[in-house]
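Build out the structure end to end from the sequences listed, making use of the hints.
Chains as they are written, first to last, in the working numbering: chain U, 75 to 469; chain Y, 75 to 469; chain B, 75 to 469.
Take these hints with a grain of salt, some might be off.
Each pair may be met inside one copy or between any two copies, as identical chains are not told apart.
Stated by the list, open to error - Taking lysine-lysine pairs in the PhoX-like style, the calculated list, with each CA pair at most 25 Å apart, reads:
| id | residue 1 | residue 2 |
| --- | --- | --- |
| 1 | 362 | 424 |
| 2 | 94 | 468 |
| 3 | 275 | 324 |
| 4 | 468 | 451 |
| 5 | 378 | 324 |
| 6 | 468 | 90 |
| 7 | 94 | 451 |
| 8 | 324 | 424 |
| 9 | 257 | 424 |
| 10 | 314 | 387 |
| 11 | 378 | 204 |
FYI, nobody ran anything at the bench for these hints, they're computed from the structure.
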Amino acid sequence: MELIKRISLLQELNVKLHRKDFLLTWEKSYDELVTVLEVAEILREMREQNISPRIFDSGLGVSIFRDNSTRTRFSYASACNLLGCAVQDMDEQKSQIAHGETVRETAQMISFLTEFIGIRDDMYLGEGNKYMRQVAASLDEGYENGILPNRPAVVNLQCDLDHPTQSMADLLHLINHFGSIEKLKGKKITMSWAHSPSYGKPLSVPQGVIALMSRFGMDITLAHPEGYDLIPEIVELSKKNAAESGGSFKMTNSMEESMVDADIVYPKSWAPYTIMQQRTTLLQNADKQGLVELEKQCLIENSKHIDWEYNEKMANLTKNQNALYMHCLPADISDVSCKNGEVAADTFEKYRLDTYHQAGYKPYIIASMLMTTRFEKPLQILSDLIFSANQRVKE
Amino acid sequence: MELIKRISLLQELNVKLHRKDFLLTWEKSYDELVTVLEVAEILREMREQNISPRIFDSGLGVSIFRDNSTRTRFSYASACNLLGCAVQDMDEQKSQIAHGETVRETAQMISFLTEFIGIRDDMYLGEGNKYMRQVAASLDEGYENGILPNRPAVVNLQCDLDHPTQSMADLLHLINHFGSIEKLKGKKITMSWAHSPSYGKPLSVPQGVIALMSRFGMDITLAHPEGYDLIPEIVELSKKNAAESGGSFKMTNSMEESMVDADIVYPKSWAPYTIMQQRTTLLQNADKQGLVELEKQCLIENSKHIDWEYNEKMANLTKNQNALYMHCLPADISDVSCKNGEVAADTFEKYRLDTYHQAGYKPYIIASMLMTTRFEKPLQILSDLIFSANQRVKE
Amino acid sequence: MELIKRISLLQELNVKLHRKDFLLTWEKSYDELVTVLEVAEILREMREQNISPRIFDSGLGVSIFRDNSTRTRFSYASACNLLGCAVQDMDEQKSQIAHGETVRETAQMISFLTEFIGIRDDMYLGEGNKYMRQVAASLDEGYENGILPNRPAVVNLQCDLDHPTQSMADLLHLINHFGSIEKLKGKKITMSWAHSPSYGKPLSVPQGVIALMSRFGMDITLAHPEGYDLIPEIVELSKKNAAESGGSFKMTNSMEESMVDADIVYPKSWAPYTIMQQRTTLLQNADKQGLVELEKQCLIENSKHIDWEYNEKMANLTKNQNALYMHCLPADISDVSCKNGEVAADTFEKYRLDTYHQAGYKPYIIASMLMTTRFEKPLQILSDLIFSANQRVKE
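Here it is in structure tokens:
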């Protein structure tokens, strides 16, 4: 009955997640984030105790992936399945951004018996999150006009701004690693750019990490070579978050400096914000020649920073030479997946299982987001499920 | 218990839907159509009352889409899911019509634990419905020879002749809009060709609409430019239907004339029947040059009729300047999805939510077709489900 | 309660299938094979009696198809669905063998809430089975390190060595056809090469058939033109099996000779082992020109053996001119699917329904493999399910 006790503690929080989409962590209050994290943990424990969290007898969980995905695709499928929904993928088979009219219509057409819509749209700066809000607005219209029997929740499975299912899974990993959410206070986390021989990696992971971790009193260091900026507004937001939560926020153009005394390191490649802006314009103009030249120029620029590799030398600068290494995977591993990557092979290997643990929280985070946005009283439903104690698997 | 009363009324009808596929509405009796419509409505009400209509603990609902689909794909998936079946898509990855031998074999191979097979095959005149019957014949052989433990029902998700899940959903929309099936008597519905800058749109929607609506005492007007004929046999059938049901059937080559005093208008583009015949022959001969020329010629012909747009001027001719506008979606909207389309943007906007309501009936119509063809006593099962009153979603 | 009696007989067998993958029939003991066969039959009977074998309330059955599949895809989907799991396909969208690192990682990423992983990887000699073992090793690591809450079972859906779901379904067909497993003793089965105008057909079916059937006291004849060898180690294994089980094993380069007095014939094309070796090397070197030449040369070689067709003349040589014809389907049928195929059209037609029956066992064989590898006490679970007698379909 320890789970029931944990649920009752949550009931005291001030939470309004119901019928609101989960698009950006910074639109959610501290209590709301805590609720999503704790419900995820409870769902994970229920599964370990073979208690079924099945809420739905039928219902669709729609996925729209406008970019490739394995990890998030399987996490979303697992989450929908865990709650009792069947996944139905909406395959657009076309990469251009559909105009407003069609988004509006399509959103209805796929939602008549749908409980959730998970969307990945991270290719175009200024577009992905906007698209999710267009879908959401259409669902509102459909629900308010009696076209949809219920309002499916939209969950951001990665956009141009944030990757909340990733950052929340990362956070849950940290909470369990360090023992509690309170113990994260004063921990130093370094979100560092790292070299990769590829180009155009989204900004959503580093942005999501700094914007979320800064809510919990951590000392954030953001490191990247000159010019590899993130979206300025999100950096500003993170600074503000850090100040408010009793943490700190610092930036540097030196990877070494950023690593000193770090408790946690997150070395990961991304494309500079200004390049992503140029790229979006070129894509919108279908300027193929321009895109080829931009890619070429970027790879040359990247290659000036092959020393931004996380390796033993870097690790030795961290707290006790043993900062927790994090990555959203797959990592570009030097001499394994490429010549000069984000991380040295032996360093990655040391923390490889940690990164698998980190990834393993995502299905439960998504399931929690689905539950808490879809139901008015998700904690009551959880309690009922635990008291019923139906087996997930017959034994 | 109002639902139980409605079910008991249906039990007096003379219906033989069990173990018969749903391929063409004109193969079904009036009582059978009424049963499918009313079961769809009952399923919709059950969902609104959170009563689970889950009949299957396991079972596959196979889909074969030989042409693109979003709306019908999601409707079929929703219907299968609502009843408890998992959708398994049969992806042929080839567009040519498979020869008899392979159809026969494939039909068995995908059916060992299958409850339903939904098929869309609308590309080739003379082929789609024939293909469905080949599949059905093979299923008969498999069932009769003890290869298949039960006979999956085949449901036509659009063929060259009919689009019964669309026309039945359209009909249910009309019944609910006007209040009852009896109130459709004497209503004037105009099925009109409309201009589109695309070519080769199937005939199945207009054919399905005139052949079905003519069963219910409505006054049908079929309008199109000279040469844009539908399959003559289906037009003849519709005339006969209209005469028998106490309605009327009229044809005109003037869009304006067709709109006068209409209660309902359904302006939609299609390719002329004779063009579809030529196209089928060219496709069968793999005559690429011929196809290019045919398309060019058709678009030139189409462009002579850009005045066949449904707009305020047309709408003002209808009953009270306010005929119910219908479309199977997506509509070609002038200055939105194309320059000169089927409907003016402001006119479409006025009825946009109506078209969403119209589309929303399709999942329930399909679920009803699945139930009534699969079970000997679907009404008894429905009653049992309502008495059990298992929740679809835990609350 | 006849099913309960059958289950209790199985409980006396010495079986260790739990937490072991099903990759090769020759890694399983006689008792283990008998258990899988009998559980498959019990599952089939349960379905016929409308008793639900649903064990899972939620859970994913992942499929990885590195080669096309219809039959096995639907069988796997049916099996997962029958037990209560949802199928989630892992679409690699690339044909090259991923290097060790990525396989290891991907295996974890798709398994957090996964119960089963079915894999088809039959394109490269020396690679398919190896890949499955890499996945399995990674799952072991994840389970042992607490990353995966349970260890998903890996089931071989066809590799370069064996096709156990096919050969076990074939065997179950034979058991039911001849009345019992004991009655297979002394039956003569001819696994014969047959002509096909295609190239590169896998060796796994003939290898799987001779390696499995030789366990049950049957007299095996393996026939093929000179040079069309199977993997030598598997032929040697089959000889040893035959000797140990009281059967016999014979090879010939004459199709006619192989057919004399056969009770069962399995005429099917395959590519010579040495060609498959060359092909693997060429593919690994991405030698397109070499591949084109190899294919050309092989088709010329094949065309020298168009007389290796199973037809009335061949059938007349068999026991009572009526040997049971088997094929994994689709067969290359002369004058139907090609000019000179594996089997004459009239001969195939005579046994066509038999081949459908044969194929129909595969979903139950797979479901049995899933159950017996996943659970410590699958027979106890089966008994419980039968006593509960929940309906699979409401009636």
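Now for the hints, and whether the structure bears them out:
Taking CA atoms no more than 25 Å apart as the test, residue 362 paired with residue 424 passes in neither setting, with 42 Å inside one copy and 40 Å between copies. In this assembly of identical chains, the alpha carbons of residue 94 and residue 468 lie at most 25 Å apart only when taken from different copies (19 Å versus 35 Å within one copy). In this homomeric assembly, residue 275 and residue 324 come within 25 Å of each other (Cα to Cα) only inside a single copy, at 23 Å, whereas the closest approach across copies is 60 Å. With identical chains, the CA atoms of residue 468 and residue 451 are at most 25 Å apart between copies only, with a shortest distance of 11 Å across copies and 28 Å within one.
Taking identical chains as interchangeable, the C-alpha atoms of residue 378 and residue 324 lie at most 25 Å apart only when both belong to the same chain, with a minimum of 24 Å there against 67 Å between chains. Taking the shortest Cα distances, residue 468 and residue 90 sit within 25 Å of each other only across copies (20 Å), while inside one copy they are farther apart (36 Å). Only within a single protomer do residue 94 and residue 451 lie at most 25 Å apart by alpha-carbon distance; the minimum there is 14 Å, versus 42 Å between protomers. For a Cα distance limit of 25 Å, the shortest separation of residue 324 from residue 424 qualifies neither inside one copy, at 27 Å, nor across copies, at 54 Å.
In this assembly of identical chains, residue 257 and residue 424 lie within 25 Å of each other by CA distance solely inside one copy; the values are 24 Å within and 57 Å between copies. With identical chains, the CA atoms of residue 314 and residue 387 are never at most 25 Å apart, being 32 Å at best within one copy and 57 Å at best between copies. In this assembly of identical chains, the alpha carbons of residue 378 and residue 204 never lie at most 25 Å apart, being 34 Å within a copy and 40 Å across copies at closest.
Hint compliance for this structure: hints 1, 8, 10, 11 are not met, and every other hint is.
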